[in-house]
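**Student:** Please put together the full structure from these sequences, using the hints given.
Each chain, written out:
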Amino acid sequence: MSRTSAKRPKGREMFALGNEAVAEGALIAGCTFYGGYPITPSSEIMEIMARELPRRESGVFLQMEDEIASLGAVIGASLAGRKAMTATSGPGFSLMQEHIGYACMAETPLVVVDVMRGGPSTGLPTSPAQGDVQQARWGTHGDHPIIVLSASNVQECLEMTVTSFNMAEKYRTPVILLLDEITAHTREKIFVPEPDEFAIFNRTVPAMPPEWYKPFEETVRGVPPMPPLGSGYRFHTTGLTHDVNGFPTQRPDEIEDLMLRLFRKIDQFYPDIQLVDDHQCEDAEIIVVAYGSVARSARLGVDMARESGVKAGLVSLRTLFPFPRNPLIQRLGAARAVIVPEMNMGQISREVKRVASNRVQVRALNRIDGDIITPTQIYKAISQA
Amino acid sequence: MSHVTEIIHQYLRHNKKFPHVFCPGCGHGIVLGSLIRSVHELGLPKDDVAVVAGIGCSGRIAAYVDFNTIHSTHGRALTFATGVKMSNPKLHVICIMGDGDATAIGGNHLIHAARRNVSITALVLNNNIYGMTGGQCSPTTPEGASAMTTPYGQLEKAFDMVELGRAAGANYVARGSVFQANMLERFIRTAIERPGFGLVEILSPCYTQFGRKNHFKTPVDMYRWLKENAVPRESWEKMTEEKRRGRIPVGEFAINDAPGLEQRYAEMAARLKEEAER
Ligand code: SF4
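As you go down the protein sequences, you meet chains W and G in turn.
So for the first sequence, this note's numbering puts the first residue at 15; every next one is plus one.
So for the second sequence, this note's numbering puts the first residue at 848; every next one is plus one.
Hints listed in this document are in silico derivations from the structure and should not be mistaken for laboratory results.
Please note that a few of the clues may not be correct.
As the list claims (entries may be wrong) - Simulated pairs of lysine to aspartate or glutamate, DMTMM-like, Cα-Cα distance not exceeding 25 Å:
{"no.": "1", "chain 1": "W", "residue 1": "Lys228", "chain 2": "G", "residue 2": "Asp913"}
{"no.": "2", "chain 1": "G", "residue 1": "Lys1120", "chain 2": "W", "residue 2": "Glu268"}
{"no.": "3", "chain 1": "G", "residue 1": "Lys864", "chain 2": "W", "residue 2": "Glu61"}
{"no.": "4", "chain 1": "G", "residue 1": "Lys893", "chain 2": "W", "residue 2": "Glu225"}
{"no.": "5", "chain 1": "G", "residue 1": "Lys1120", "chain 2": "G", "residue 2": "Glu990"}
{"no.": "6", "chain 1": "G", "residue 1": "Lys864", "chain 2": "W", "residue 2": "Asp267"}
{"no.": "7", "chain 1": "G", "residue 1": "Lys1004", "chain 2": "G", "residue 2": "Asp913"}
{"no.": "8", "chain 1": "G", "residue 1": "Lys863", "chain 2": "W", "residue 2": "Glu61"}
{"no.": "9", "chain 1": "G", "residue 1": "Lys1120", "chain 2": "W", "residue 2": "Asp267"}
**Tutor:** Here is the structure:
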């Protein structure tokens, strides 16, 4: 992953919850600001940050009055130069949509962790689900690109949190890390590398003198440099559609320039952003595509199928959006069927169908009763495919 | 150019495409001028000032001034501002909000920013109406007044921001009006200078959306109304109940010295550091 060397990195072992690993990852990534509101099943992240941040150099923790305020404070902190995050679950995630859109428009790096629980509404606060996948993609209004990542075990919670911060900083964008209640509340042994074992990316700050700086100007990467507030670069940030100086505009050419750049800065880096893992895919006839805790069940289901002589494989998605079309297609090889198990009625299977149904049969395996999809269920689906 | 105009020009953004969005007779330009003079009087470097605005006519002020400026979301300016102030306590953070912005959609944030007593200067430009969206009633529209969404008169009681701010724990609470610009400037200056949360409600007429619907013949009539009815707190206190009716007191209503949240946070962090080193 993001480790710098191939030899065994320095670090320590830890027996951790998924949520603890997220907090650990955030601190490694350099997060110094957390603004949040308590909600099951994500609260442990907040509690750890409440304990850790005030003890660390310039760390700031704030419990806000609601999730709207939480993300508002996180945006303010990010504009002031901090690496900042919040964590929540479904009902809070709904409230955050307004400011996710602002962060897209104002190109504010930040990380939102959504530990998915059963919904809609208050739903099932302590049961797992994966019902927020398309909300993470399209929850805020308006056309926009966004990065949505996920993790299937506690070790990945740590790694993907670091990756989330890296991508947020690199692309000046909000990154959503979608976990589910099982991954967040599983306790297992993980390896926590020393912070310097990770490649950590910090946002680019302007090198030119302030009078030359145009805050939303085109660059090679499509990502303009971003100075912290108060560093001598005085500029305007707004959620209104703006010109290169950050001032509101209604001119079609300026509107188009901005919108296309916002898309392009993500689109042209798909290979860097679209992360998938594979397991036994080379000769697989049946491939399971899964994410989150379901990917873990799927791995066992695939192994069970292999033992019984069925050539099965797994593609587990660490990046959900931008949907990893090419990495997935490359791994489909000669497969004749794809199975997409998920704890919703088909939010990712629809994406898989969109990119692969012309070459392979795609089947959804759905469960929405608040319980996990078991390895046996997946094994059975493979056997019947 | 007069001396005052000269000062104002030093602080306006000349790469911003003027003219501004305000209607003739709008009070917001006077607030903009008062804000600039306050910052100038205090001698604050432009780099040390962050202006965080909400959404509405008042929110557009942010784009015109040559500070670090954030035009945030409707009602949420104080949440952004809290993040900014806590991240960089050296910045003087000034929020500009409208009455609908601060007391309707952002009411909860206003209460909690005051309760936290974080050192932010909150200027609420109260024109008793939603101006930008076309003149709908707001929580400060007076009882009986006409608006696009109260065509038969406002039934609900208006919010008293001063009482609200005081009760919620703001260090400094004042109400001024754009008619009394010198007084207003003093309030803004005091709010910026003092620690903790400073709330300044500013009566700022909107002829276009409020005045015309409520029997004011010209914008000048609205300023005349302010002159006659925005009475200094001291006189207000001596008035009979009957005389107070239809009038509104202006002045300072709370002046406390409690340390701001960022200050208390820094002390906690220092204490934790000391304990860890021991
Ligand atoms: S609508 Fe009212 S508040 Fe808005 S600019 Fe015009 S006069 Fe001012």
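**Student:** With reference to the structure, classify each hint as holding or not holding.
**Tutor:** Against the structure, the hints:
1. Taking the CA atoms of Lys228 of chain W and Asp913 of chain G, the gap is near 14 Å; set against the 25 Å cutoff, the hint holds.
2. Simply put, Lys1120 of chain G and Glu268 of chain W have alpha-carbon atoms about 50 Å apart, too far for the 25 Å limit, and the pair is violated.
3. Of the supplied pair hints, the one linking Lys864 of chain G and Glu61 of chain W is violated, its CA atoms being roughly 47 Å apart against a limit of 25 Å.
4. This hinted pair checks out: Lys893 of chain G and Glu225 of chain W have alpha carbons roughly 14 Å apart, not beyond 25 Å.
5. Proximity of Lys1120 of chain G to Glu990 of chain G is assessed by CA-CA distance (about 54 Å); at most 25 Å being required, the pair is judged violated.
6. The suggested pairing of Lys864 of chain G with Asp267 of chain W holds, with an alpha-carbon distance near 17 Å, which does not exceed 25 Å.
7. Restraint check for Lys1004 of chain G and Asp913 of chain G: the C-alpha separation of about 38 Å exceeds 25 Å, so the hint is violated.
8. Proposed proximity of Lys863 of chain G and Glu61 of chain W is contradicted: the alpha carbons are some 44 Å apart, above 25 Å.
9. At most 25 Å may separate the alpha-carbon atoms for a hinted pair to count; Lys1120 of chain G and Asp267 of chain W exceed this at roughly 53 Å.
Hint violations for this structure: numbers 2, 3, 5, 7, 8 and 9, all remaining hints satisfied.
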